[in-house]
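**Student:** Letter by letter, the chains look like this.
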Amino acid sequence: MSFLAPLFLLGGLAVALPIIFHLIRRTPMLQRQFSSLMFLNPSPPQLSRRSRLDKILLLLLRCLIIGLIAFAFARPFLRGSVPNAGATGAQKVSVVLLDTSASMRREGVWTEATSRTRELARRAAPADRIQISAFDRAVRRLLSFEDWTALRPEGRVAAVEQRLNSIGPTWYAGELGNALVSAAEQLDELAEVGPNIPKEIVVVSDLQESSRLQNLQGFEWPKNVQVSFVTIAAKSRNNAALHPTIEGVSTNRGETRPLVRISNAAESKREQFKLTWADARSGAPVGLSIDVQALAGKARAIRAPQQPKTSADLRLVLTGDEEPFDNSLFIATSEPEQVQVAFLGAGAAENDPAGLYFYLRRAFQETQRRKVNLTNNAGLSSAHFAVAADALPEAQSTALRGYVESGHTALFVVNNSQAAKSLEKILGQSLQTSEGVVKGYGMLEQIDFTHPVFAPFAEPRFSDFTKIHFWKMRHFETNGLGNARVLARFDNRSPALLEIGVGNGKLLVLASGWHPVDSQLALSTKFVPLLYSMLDYAGGFTEHTTLVTVGAELPVSQGASVQRLDGSAVPAEAGRWLADAPGLFKVSEGARSYKVAVNLDPAESKTGTLDIDALRSLGVPLHAQATQTFEQADRERKTAAAIEVESRQKMWRWVILAALAFVLVETWFGARLSRPVFAEA
Amino acid sequence: MVQPNTRSSLIHPKSLMAIRNLEFRARIVVEGFWNGLHRSPYHGFSVEFTEFRQYSPGDDLRYLDWRVFARSDRYYIKKFEDETNLRCHLLVDHSKSMGYGSLGYTKGEYANTLAATIAYFLFKQGDAVGLVTFDEQLRDILPARNRAGHLRQLMLALDAPVAGASTDLKLPLTRIMQMVRKRGVVVLISDLLTPLEDLQRALAEVCAFGHETILFHVLDPAEAQFQFSDAAIFEDIENGRKLYVDPATVRKSYLGKFQAHCAAAQSTCEKRGIGYVQLTTDRPLELALFDFLRQRMERAKRRRVTAPAAREQTKAAA
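Those sequence lines, one after another, are chains A and B.
Residue numbers for the first sequence follow the numbering used here, so the first one is 1 and each next one is one higher.
Residue numbers for the second sequence follow the numbering used here, so the first one is 1001 and each next one is one higher.
Calculated directly from the structure, the hints in this document are not laboratory data.
Since the structure is predicted, the reported quantities are computational estimates derived from the model, not experimental observations.
It cannot be assumed that every hint is accurate.
Stretch-level coverage of chain B by chain A, calculated; a stretch enters the list once three of its residues show a Cβ under 8 Å from a Cβ in chain A [what the hints assert, rightly or not]:
#1 1235 to 1244
#2 1256 to 1270
Incomplete in silico selection of chain A near chain B, CB under 10 Å [unchecked claim]:
#3 R32
#4 M38
#5 N41
Just so you know, even glycine gets a beta-carbon here, dropped at the ideal spot from N, CA and C.
Construct the complete structure from the given sequences, taking the supplied hints into account.
**Tutor:** Rendered as structure tokens:
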């Protein structure tokens, strides 16, 4: 005899109530007012033997009724027929999602997660079907349903063990939402599984608070799928993380104290940390360290210590917490690109503000990523871009033509009518040119923002060129130029900037100069961007991202190679390579090379536990006990079996019926007992 | 003993008590009584004889009967009709013990109705009726008058709820005797639930003033018979004392003590020349009124025997 709800047996203690009531009844409850007690003597209470016997019978009846009701509520059943839960366990289809994101690198978490996964496989009934997948940025199938069913039940655990040993936690951020959606879809697509068979997704994860769940929003969960979580808690909650700030960790040359962000977990008990530079490869500290204080649950930006002068690659290291996986920050400091720009022309006096060169030299200042070396009438052999003006000597004209024909790009400024002659020579055809007629001043219009030169100005806030006034211009007839494209015109319809294809290269022709005699262009805010835009157009220089998080896919040109710090190559497929671990990556594109610093996704450092309610609010069909231990599950299964047996036996009904019968007897008996009492009264 | 013609003509107190208005109750009793007995020999007895008394110095000369003087050459004082009218004081016990009743109404209500009945009866005859209610002290005092509206005041005073704690006969009786100097009839209605010595002393005082006194001892049938069956905690209505009592065992001793108390009260009354009537609250009020009149008549007879000086002109006896 067992009980489904044995606590209800405590209700049997209520038999004390009738006993107490009967005891109370023995002392007279009747109180009567009387005019005077002066003639009355006190008389001790006496009870007749007979009435006491009768009441004991009634008392026994009442106790029996209460006992029976308590017994019925405890839902008794005979244990003999409880089936062994494990043996006949109903067929179940489950997908185990094993988290392999970076936060699983915390101490003890991965071991625990794999052992839990093994346990899940071990506890599966032979008829169950299980698929084991690992997820981080994407879902990888470790053991498919087909593999599982193909294996003999005895060999399944070993197979799972072997697959688990082959993987480990990665450096990627976990996309829990993605994984859940893909698992749910996979379960839904299992055609051969009947509709009554429970489908379950078991997530083995540390369920960190920053798990990405966006994909769950609006996802329509298939019916019959339930999700449960096996949450792995890390041994230590003291975790502080080191991350770049958005603008702080620039690759500024000469910037030796980058601004970094240190965040401390909310549950952390430590607040004192050390920040130091270390060798990027070995991690050995270099130089001095500084003490940093970060309160639990807070993040703060701080300047790193002075970067030691060394040729080796460095990283910033935070020490003092117990989880080292997110304590390194790699910073790529690359040398600025060297760009050669050649200037050809007469107005090349260094300090003559009336000439073109004066402004050009000042426009090409050195920047973070680029250093422009401007040469003055020095030849075009190594130049990435050339700017020419004025009437050019014959040799220069020929050289420039050859330069453009070989596939380069040059800008020719027609700052006077002699220059137009030179242009004819370069183009090798005659042009109808004349001094343009300007009334008051001229402006640019019909600018072709689709062209790469003007593309950076396409946004409305940059596209206003009306502030630039032109006093003098040269007029071209473009009829004769078959391969010319007008990028901008003056407001008298005369072309202002032309692109003319010459050989393999392109010649940009500006019909007015930027010096003060011709226009205000050099004084305009558009001047420098426009020159750089042309420079980019000429050289095809692209800006390289130098600071990314793990999991980013970066473009790379054909034939380039990517190397890790230790020299191992990173495969680049279809023009992209994947940053799969934190570190410094060296990208070599022909002669040029640059470094890319890859750091951990800051989300992975938020190691607090995710609130299950957040999942519930996203509509995830959580299992009744979404986070349960195996012991709980076992107990639950046994209880379920007991409930089934009990519902089959339904002994409580008979007990309640018996109790009702006794109630009737009690009522009848009580009425019979009290009848003479009424007569007496 | 004179009994009324038919018992069935009497109104049971329970039906009577259903009438809320006290005066109406009294009127019903008196008129029923009147209708039934108006040919009785007692009719009009209460109109007291007028007395001739020999003049003694100090008497008011206004009352000298000059005709008698002319006839007999003696000074006689003629007592006037109104002066010789009956002055009746009703002393009604309003102590808490009167609040007890087992029949659906209390002893107090019964006593009030009795007092009201007597008052109404006497008032109709032109007698002056006064009222004193008391518990352990005096509550309401209405001097004996026969005046329009007086009866109404009297009824109001009677209707006041019982409030007092205990019964103390001695103090109120002493006080009232001090206030009522003229001799008259004193009707004391009480349950006499007070120590016997107090009772004796109080009654002695009443008698000392020469009042004609009738004592109505009002009892509840439950008090007189003690017919309780269940054991219970009995609570004293006056002082709240509680006592566990099993009626079966104590009935005998109770009845013994109770009857001894009643007998003692009766003997005291007899000794003092006080009329004693024991009434249980289930006794019809007509009979109570009849008892009152009978007592009066007996006493009148007795007085005639014991006081030969009194003139023989009892209109009532006619």
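**Student:** All the hints need checking, so say for each whether the structure fits it.
**Tutor:** Outcome of the hint check:
1. Coverage of the segment 1235 to 1244 of chain B by chain A holds. Counting CB-CB distances below 8 Å, 8 residues qualify, and the rule asks for three or more.
2. Residues of the segment 1256 to 1270 of chain B with a Cβ under 8 Å from some Cβ of chain A number 3, which satisfies the need for three, so the listed coverage holds.
3. Given hint, R32(A) at the interface with chain B, holds; its Cβ is 4 Å from that chain's nearest Cβ, closer than 10 Å.
4. Restraint check, M38(A) versus chain B: the minimum CB separation of about 7 Å is within 10 Å; hint holds.
5. Hint on N41(A) holds. Least Cβ distance to chain B is approximately 5 Å, under the 10 Å limit.
The structure is consistent with each of the numbered hints, conforming to all of them.
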